[in-house]
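So the sequence lines, in the order shown, correspond to chains A and B.
Okay, so the first sequence: first residue is 1 according to the numbering used here, each after it adds one.
Okay, so the second sequence: first residue is 1 according to the numbering used here, each after it adds one.
It is worth saying that the hints were derived from the structure and are not from the lab.
Just so you know, even glycine gets a beta-carbon here, dropped at the ideal spot from N, CA and C.
Among the hints, erroneous ones may be present.
What follows is a list of derived Cβ distance ranges for each label pair [stated by the list, open to error]: (1) B:THR450 <-> A:GLY255: 37 to 45 Å; (2) A:THR94 <-> B:GLY141: 35 to 43 Å; (3) B:ASP218 <-> A:TYR40: 43 to 51 Å.
Negatives, chain A to chain B, calculated, CB over 12 Å [stated by the list, open to error]: (4) LEU10; (5) GLU25; (6) LEU43; (7) MET44; (8) ILE60; (9) ALA63; (10) LYS79; (11) LEU89; (12) ILE143; (13) LYS144; (14) ASP176; (15) HIS184; (16) VAL226; (17) LEU260.
List of simulated lysine-lysine pairs, DSS-like, C-alpha gap at most 30 Å [to be verified]: (18) B:LYS118 <-> A:LYS144; (19) B:LYS300 <-> B:LYS120; (20) B:LYS300 <-> B:LYS220; (21) A:LYS144 <-> B:LYS120.
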Amino acid sequence: MALPLGLRALILSAVLLVAGLGIWELSTPAVKAAGEMTEYELLMGGADQEARVPPPSQIIVRAWEELSNPFYDNGPNDKGIGIQIAYSLFRVLTGYFLAALVAIPVGFLIGMSPLMYRALDPFIQVLRPISPLAWMPLALFIIKDSEYSAIFVIFICSIWPMLINTAFGVAGVRKDWVNVARTHELGPLRTALTVILPAAAPTIVTGMRISIGIAWLVIVAAEMLVGGTGIGYYVWNEWNNLDLTSVIFSILVIGVVGMLLDAAFAQVQRAVRYQE
Amino acid sequence: MASKRPFNAVGNSLGDPFSGDSDLRHGVGCGCSACGGAADSHPHSEAADANPLRSSDDILERAVESAVVRSVFGHNELSRRSFAALLGGTTLSAALSAVFPMDKAKAAILDTLGKPEKAKLNVGFVPITCATPIIMAKPLGFYEKYGLDVDVIKTAGWAVARDKSLNNEYDAAHMLTPMPLAITMGAGSTATPFIMPAVENINGQAIVLHVDHKDKRDPKQWKGFKFGVPFEYSMHNFLLRYYVAEAGLDPDKDIQIRVVPPPEMVANLRAGNLDGYLSPDPFNQRAVWEKVGFIHILTKEIWEGHPCCAFACSAEFAQTLPNTYGALLKALVDGTQYASKQENRKEISAAIAPTNYLNQPVPVIEQVLTGRYADGLGNVKNVPDRIDFDPFPWHSMGVWILTQMKRWGYIEGEVDYKGIAEQVYLTADCGKIMKDLGLTPPDKTYQKYTIMGKEFDPDQPEAYAKSFAITRV
């Protein structure tokens, strides 16, 4: 085989996809066009016995319909997929960057001070495993605004990986480098910014990458709960109509957007990586 | 002088309606303090009026009393004044209270509606056919007709609808009839005064069972079943409990009742998480359409004409924006009236089915609203009043709901059944709007009901709650 490994892998992926979709398509037989239906059959939505998972061809058609007009606005409860994703991304990014603003400085503090580390550790350990959605009723009650509550839920779920990774990265910076900084009589702030930050950056960015993934997972659930707008609301609204074609389409969209977010942070990660 | 006018100068209709001296038109010859004129050097001192109005609440109360008194006297000022002078204000007030409990029914409606203070409103709804008047008022232009620009916002369930209403994200919302009672009393939420000036639909619910249970049509066979209801404080919960308890099953021990948001009912029934549910339409008909369930009975067979969903808002909204509140109520009562007419039902089905509203197939909505439907057992049924629309919020309905909340232990201790029902269910507001629209509201606010053969007397609520074989009282 003269083909390089990457190309062979690509061909295999394509073959697997086509084979999978082909089996799926063939396993859902076309609904027989019934002749004259009785009134009862009409009221029952056809004589067909039970509902099935739709074949991929239907999903592709639906995807084409939605993607060819992503920004339509038919009132507050019916907006295009592009608008819904924009709402979700706005919530995720707002909550996420607010979390970064808190988590990175606090992580630095914890990483640099063993006292603070021990003092704050019990709180972090208790708060960290709480499912972000469990905060929702409390947030709605205290914040009194569903939009800010959704952002708060993103904030609270994305803060922990960043906080812990920052603390871990900062605490793990080689003592030699900090000592060298001390012999050069650098102040603590300068040491933090010019020595510790670059040294801990790969660990911090890894934490940020984990956080954005979690934030994107949580926003869908949060929006299904609160409703109104966003990709999570879209899934809920189509579930409401038991429209599996749209649900599968939106699942794919959620996956693609999540992948793009992750890829963006992978780029950042590459940029801050260094060899000792 | 004008700057020192007391509160009762705000509107002409706000003179004491029980006084023979005041003219509610405040023309020449009115003896009320506001009309004392220049003859008195201090006509507007507080002592001048025996009942100066101190707060906006007083004004509202007075406005309602005036409206009632004037309606009784057919807007004939002279007969009212001579009658009042003859009897004395207090006696007149007491005599009228006997037919119209004004001292408790603190209505929030203004006497004459002006331009809405705020035209842009958010009204929440849960996507079910009970919300038909609230939803259809948007596409069919009822809000616009009364000068309002309303966005109807779809909500995932009633817990969120309640929280968004308490947060003022919604100016008003579609609620279940027991909810404003529960919110006002602080059952299941912080206590906030809520009012319910109009019911939306009567009937319109059903008990659906999974297709595997076609042979279990007798509720006595339901031991161990898992049922879904949309919310704890719902007619669905109380009717299901009532129905199984009449068959001798204890709803807390012999069956399991779970709260499931309506849109998730069909999916849970299909997955076998539920054996059945008492839920709002279209999800009963949708279960039939999806061939996973059949309609066991319609709830109208339990209680013909029972209330289900309602239009509710905080008392604060009605008081701070009285004209907006009035216009909104008018739009909805008008819409409810329109929806009650059979000939409009097909048009409404098509208007509320799109994604922006219910997001359901039109044939499903049509079967619900027209009452010609497939029951999932092979029959086509024809029940035109499967769902009906009637805005009047009977106090007796509120009292019945409270007796069931007491019966099942949702509320404890002494309950002022009538007091709470009258504070929350604003029959006076609904009645006034109905009159404005040329409809005839009922002349009383309490009536007896017969539910599965057992009589309910709203005058004996506590005895009724105790009278059941299965009760927590």
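Output the numbers, in ascending order, of every earlier hint that fails for this structure. When the structure is compared with the hints, numbers 1, 3, 6, 7, 10, 12, 13, 16 and 19 turn out to be violated.
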